[in-house]
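Full structure from sequences and hints, please.
Heads up: the protein sequence lines correspond to chains V and F, in order. Anchor point for the first sequence: position 150 equals 150 in the working numbering, and the numbering is continuous, going up by one each time. Remember, the working numbering sits 1000 above the position in the second sequence when you count from 1.
Treat the hints with care, since some could be wrong.
Stated by the list, open to error - Facing chain V, according to a computed beta carbon distance under 8 Å, are these residues of chain F, among others: (1) LEU1067; (2) LEU1069; (3) VAL1099; (4) ALA1120.
Keep in mind the hints are simulated off the structure, nothing from the lab. For every residue, glycine included, the Cβ atom is placed at its ideal position computed from N, Cα and C.
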Amino acid sequence: MSAADVATAPIARRSSTVGASWRLLRSELRMITGRRRNQAGLLVLASVPVLIAIALKFSQPRHGRGPDFMSAATSNGIFVALTALTIELALFLPLAVATLSGDAIAGEANIGTLRYLLTVPVHRTRLLAIKYVSLVIGGFIGVIVVAATGLLVGGILFGLGPATLLSGNEATLLDALGRLGLTVLYLGLCLAGLAAIGLFISTLTEQPIGAMIAVTVVSTAMWILDGIPQVEWLHPWLLVHYWPAFADLFRDPMFFDQMRQGLLLTAAYVVVFLALAWARFSQKDITS
Amino acid sequence: MTQAAAAVSLSAPLLDADVAIATSALTKRFGAQTAVDGIDLNVPFGAVYGFLGPNGSGKTTTIRMLLGLVHATAGEIAVLGSPVPTQASSVLPRVGSLVEGPAFHPYLSGRANLARLDAADRFADASTSRDRVDGALDRVGLLGAARKKYRAYSLGMRQRLAIAAALLTPRDLLILDEPTNGLDPQGTREVRSLIASLAADGSTVLVSSHLLSEVEQVCSHLGVMRQGSLVAQGTVQEVRSGARSFIEVTTGTPQAAAEVLVGLGLTDVVLTPSGVRATPSEVEPDRIVERLVSAGVGVRGFAVQVPSLEDLFVSLTGEGFDVSR
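In structure tokens, the structure reads:
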């Protein structure tokens, strides 16, 4: 746009890209968090640690069964949060990301609001970027809600205190809480990889439910493949393979090898699928 | 990508930059089907341009291309003097649009829906958002229902909300696709007066419709689409003058009258229940009557008729329930 064109514009049009994008992101997050369906989903996520804590409270302790954290859960509330995260990583958290992914582009296309966003105009690349950031934040919210609810309920039922780590040493409460914080950060970043796949799938269709199912199928298929020893060669390339590695944060000293691998693989998935999403979306005819 | 951009900038000067919307040989094919077939739109600044055509004639696809939603298969577009879609980001903020009916989030209120669209506009001032949203709602008579969820809106209210969205900021150009769809006669009148007031404020308006009667009172220009082609375009006067007048003779002996008219060199001579109809030639109407009478034809009535705009529209676009594609 030349200077002459700007002069003929009817009103002053200042453009602060960062400020404007922040405004759209806030609007996006308000919409995600304000939607009843999503609030109900968060309640489901939060109910798992509550159920775990109650079940453990009223059952006989049976050592050596279930996930590593489960046997330790009755000794310290912090392990309720970790047990809940371990369990929800298999389906509930990926489902949450899948649901938000379905809404992101396919959902807007389905009800036609996509054409009005694009004619505002929101540049297609900017829209994708903001949708992706809000998906990542949505994933983080899910992980934080599970961890916080687990910590709260576990703390109430089993108390909080110094925690015995998986390696046998004892960590102070503050130390253990710091490790839980790192866990939340790591798992949030892991889900960002799935969110990139979700965003790409969302650009392929106008059916949000279809996109949601497809993303859930992808994450579930990865879990299944990860459990089949015959395809062990494939395991290092599966996004979910490194998700349980957050347990290494609860060893002394902390063990980062697996998590580093996991984050590198996640970064690769993010790059590939965001590029695919951009290639698809920037050329797409919006006919809905 | 680079090649396409170069092609546009090379050929952009071919388009008249002094008009609000110009397209040259604009074409869109979906697979084997040609939705828009090489049209040259020309919408001057300040015009209220009635974009007419039956359902499925390519109006909406054209509008989607003007707004950068659909990529043209061939041809160029200039909106407000800038090429689209290459410069859509800088042009579209000055364009308000309504495309193929309203679409909003059902579980948000009318006001929240507009606030969301305003938040998406990187040129809109956040501090005046609330006032502008309410101002736009007020302008379409929806302020009373601002807090109601969109899903509870009637079709007419939804249509009004979509128009309000186009009015969130002052616009140089409004592209309104079937803005009166779903409105009752009262609402249709209101939309017409809204269009007139927008034009009076200096905005250029392109309004599409499949009903001539809904827009003809407010339009200064017309473009008529048929099966993907632009079959007529210009000021209302120009389009109307494209309509050929005809002469009508009311007589009891049509056969004899027809022979006289053919003898005078008139064309398209057809018998009607009450007489004969024909396209006039250079022969003066007075002389036609004289010859008819001297040939012994009983002339009960003689008239030179100009078809109504409605008749013209129907003759351009075809009649009946046939979907044009």
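Of the numbered hints stated earlier in the document, which are not met by this structure?
The structure conflicts with no hint, since it agrees with every one listed earlier.
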